[in-house]
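Visitor: What follows is the residue order along each chain.
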Amino acid sequence: MTWFSQQLINGLALGSIYALIALGYTMVYGVLRFINFAHSDVLMLGAFTAWFVAPIVARIFPPESFAGALAVMIIAAAICAVIGMVIELLAYRPLRSRPRLTVLITAIGVSLFIEYTCQHEAVFGAQTKPFPRLLPQKDFSVAGLSVNSNDILIVVVTFLLLAVLWFIVQRTKTGTAMRAVAFNDQAAALMGININRIISFTFGLGSALAGVAGVFYAMRAPGIEPLMGVQPGLRAFIAAVVGGIGNLPGAALGGLLLGLLETYAGGIPGLSNYRDGIAFAILILILLFKPAGLLGRAQVEKV
Amino acid sequence: MLPGAKRWLLLAVAAAFLVSFFSAHYNRYYLGVAIDVGINVILAVSLNLINGHTGQFSLGHAGFMAVGGYTAAKFSLVLSPHFAAGMPPSLQPLFFFIALLLGGLMAAVVGLAVGVPSLRLRGDYLAIVTLGFGEIIRVVFQNMDSVGAASGLKGIPNFTNLFWAWGLAAVTVFTVGCLVNSTYGRGFIAVHDDEVAAGAMGINPTRYKVTAFVIGAFFAGVAGGLYAHHKQFLSPTGFDFMKSIDIVVMVILGGMGRTAGVICAAIVLTLLPEVLRGFESYRMILYSLLIIGMMMARPQGLFTFRRGFKTVGG
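Keeping their order, the protein sequence lines are chains W and U.
Sequential numbering of the first sequence, starting at 1, is according to the numbering used here.
Sequential numbering of the second sequence, starting at 1001, is according to the numbering used here.
Looking at chain U on its own, in the form it has when it is part of the complex (with noise of 0.2 Å):
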């Protein structure tokens, strides 16, 4: 990214928290919307660089989801009782954060234990081993007492607001955006366009890989914590290959290693459902035919104009 990355950075988390601020003015159900868009922001975006700058299709981003939800809502529902005993409420963010960060880290444990076995392999079968995994990471927490097993894991606080939100995703675009650009990035869009030939420049295709992946289920994580503290209620059935798909459309529909794009994508799909609430039936038929009708026609994505030389796609 640019020299002034930072500062962007800091700008948008500013904005975020200006934003935030009034929060307590705004219409109920925007607000929630609007936490949903950072949300699928920071999911989009992390998934991006999975399956877009790194090329490997993957089909299990709401399984490290789960991971770092079901994390973050435990954390928080086992401290609960000690800030109702009588713990200063102004540590409450500080411990929001550490469980966002414990649900983000072990959702990149929980990566980099599906990444490595699966990552040995290419294309279709990535997907499907991912795919896999994170149906095995569903079943798990569907069979999981602690968690509330398949009645879903219910009274989690709820910490999450637009600050949060927001200020996240910002971290997360920014972290993205400057791995990727990085000289270190450069080898996750080298394995992307010939792994064989990046083997060859000494880039460890697999290990640049893992790290993508590992990454990637960070922010996934995080995004599953978020996604917690702001429903208030998880259930096994919410991360299940349908909430995949979700996101895989949206980095599709942003075009696959194109951040801007990809976030673009994940506002406009938020938003769509919501306008669209009466034609709701419709709505994964209209999600099948995007997906097709862009593969065939634009499989650069929706919102990609210019073929930069910062990004390499296909």
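Excised from the complex, chain W in its bound form (with noise of 0.2 Å):
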């Protein structure tokens, strides 16, 4: 019972930044129609840009206090809202209207690019880098359990920003307005939806997700490199799928699921050799045998 509970904290806050990470994919699936694969990059950029910011801010505010912490996964948040939407604009939009399996390719393109120009020398890199720490780490025992100070931080704003994303894409005129781009781009245009600005927003607001989640992941990973966005990123995919892509909480749902299968997984002995693959597994079956999603409603295709 006791490693019952103790793998439900840990799964909480992995699937915590899976699900942060599945939402940025899934809005974008919503209005574009395909799968940003250079998402878990902006993931990685996210980390990086707060290991570049951290020593900065560690000069303003006091070294490990929470508005230290704060003020670097905001500017780490910002900086990926901006790289989301220049990708965007300078390898998507151009191919807006071209078959989707173009777009698809140029994706891998625009990952792989961001990937190796990274791991050169000449940027950050292919080494492992020590990530800083922003915030002092307790070890809380609870009932026998050990709780990282972390781990709960990671959950508690996880279901903090998924407020603001309710909030933002329910009760704003603009996450009207990305639910209509979403439903029918061609009619939402006819309304006077600028639906370049919309997608736009879509990018900045789903790679800044991604962002704070690249500095979750950092914090809980043993450093950083240029690779350390694909495992997390394809993770974070399988999670929007899951839960039925194009879906908001379906991608919050099949985050915090996947983290949790994959921790208990990564806990049993004779399959924690096979943890890389117990996600693709899940994929599988789900596509299989549900392939709308858990929560996504099948749409039949008109000819």
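It is worth saying that the hints were derived from the structure and are not from the lab.
For every residue, glycine included, the Cβ atom is placed at its ideal position computed from N, Cα and C.
Label-pair restraints from in silico Cβ distances:
{"#": "1", "chain 1": "W", "residue 1": "Ala187", "chain 2": "U", "residue 2": "Gly1032", "range": "55 to 61 Å"}
{"#": "2", "chain 1": "W", "residue 1": "Ala221", "chain 2": "U", "residue 2": "Gln1232", "range": "33 to 39 Å"}
{"#": "3", "chain 1": "W", "residue 1": "Arg98", "chain 2": "U", "residue 2": "Val1033", "range": "33 to 39 Å"}
{"#": "4", "chain 1": "W", "residue 1": "Trp3", "chain 2": "U", "residue 2": "Arg1186", "range": "54 to 60 Å"}
{"#": "5", "chain 1": "W", "residue 1": "Arg96", "chain 2": "U", "residue 2": "Met1144", "range": "41 to 47 Å"}
{"#": "6", "chain 1": "W", "residue 1": "Phe183", "chain 2": "U", "residue 2": "Tyr1030", "range": "56 to 62 Å"}
{"#": "7", "chain 1": "W", "residue 1": "Phe66", "chain 2": "U", "residue 2": "Asn1143", "range": "41 to 47 Å"}
{"#": "8", "chain 1": "U", "residue 1": "Val1033", "chain 2": "W", "residue 2": "Pro130", "range": "37 to 43 Å"}
Both chains are sitting in their own frames, so use the hints and assemble them into the complex.
Guide: Structure, rendered in structure tokens:
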């Protein structure tokens, strides 16, 4: 029972990170109907932004303070939002009327470009760098469980961000426009919605979440390197599909579910070697038995 | 293909044999690169059947190559003590052929197992699922102690020579070319162009997709076997996502669904890293820019100048 609860706590923290990334995938899929492969690299760039900014912030705010961590987080999110919008503007916008396969291949190309450019010696280099401590880390022991303060923070901030996102999408004018574009972009354009602006905003919002997730992921990981985004990115994408791609609550649910499953599987001795394969096995099962995802609605294709 | 296609095949195999006959006189380094070219042509042309002609974007080709490579290598390793114990060496090519065939068949079986569930999906989903299967295959090999697990499989006999590599490349090109241009093969192109319309014409899209997948996997397995007996060492990390991307780049650069273009691209992209040895760190950056640039400017491929009636793509 202790083992079970312990894994639950670890799994929730990991799942929250996946949920934040998955939201970016699902939002972009909602408006443009393609998988933004470069999303996982935006996450990595978020972590590297924090790595660069943290020493500068530490001079202004007291080290390992909440205000400092918050500042780092906001800067990383802002820079990631800009990067996401620039990627959309340069790589995806010129191809918007092309076949989806073309856009998909371009997205893979953009992802590889970011990864290999950052791996080059002149940029970040391929070796792993230690990530600075943003917050004091304490281990609480509650009823025989050891709970890391960072894990609690990750879960709490994630749920706050989910609430903010829900507010933006459901209650603001821009959010309504986003939903309209996702529903039918041509009709939305006829209603006077500036589609380019909305798509750009969607990329920015998703990338900002990825930036925050990148900082969280780096806080839990042993260090940061240019390929660090690939694995969480793939898992988060799977989470988005499991929840039903294009569906925001689905992405959050899928992320949490995948984080939990992966943590539990990693704790079982025989399965831990196959940890990398588990997420994909879940994806394949979901696609076979419920292709629309847990919360998604099956759509009939019209010819 | 033309009625004389068989003649071209025989000619190519004969040429491969002739060139290979003098291989003792060649520089060993160039010989190795030439064999790499043959293997990559097989990989690229077989992936082109799936990604190009049939239009099913697969990102897991390295996985099938791994299955074939490990199977063939294991077969050779099990048999090699018997050769040392006095089996006539003249039988060696026969056993190598069986090893390659076994590798190909094993890859085809895995291709079938992967293809049936995943080919119900399209586009982005298929790409991700094939990527996932490729990763799963790699993880399985990484944990399989009988093939050396993470440290790899060593001491594979060096059976691959120029004749095998180029001869089998010719066979692959011939088979894929004839298949695509046959009555049956029109089905692949129909599925590529419009799945719904193809279905309405009485073509079962799933069946054609799975067929393309299985045949593609078979040749990838054969290429894997050649690769194993060429490098004499297999490690699971050599068959990761990047290897699949390498093959995909060849297909994209050559033009999806254009066999001649893809062969050119496979040759150029095998030679390029050898020529640009000093620029190793820029190679992948160049690749990625090439992919983006191609998709923006020439989605039909770099080596395609004429939109012929025989090949359909986009």
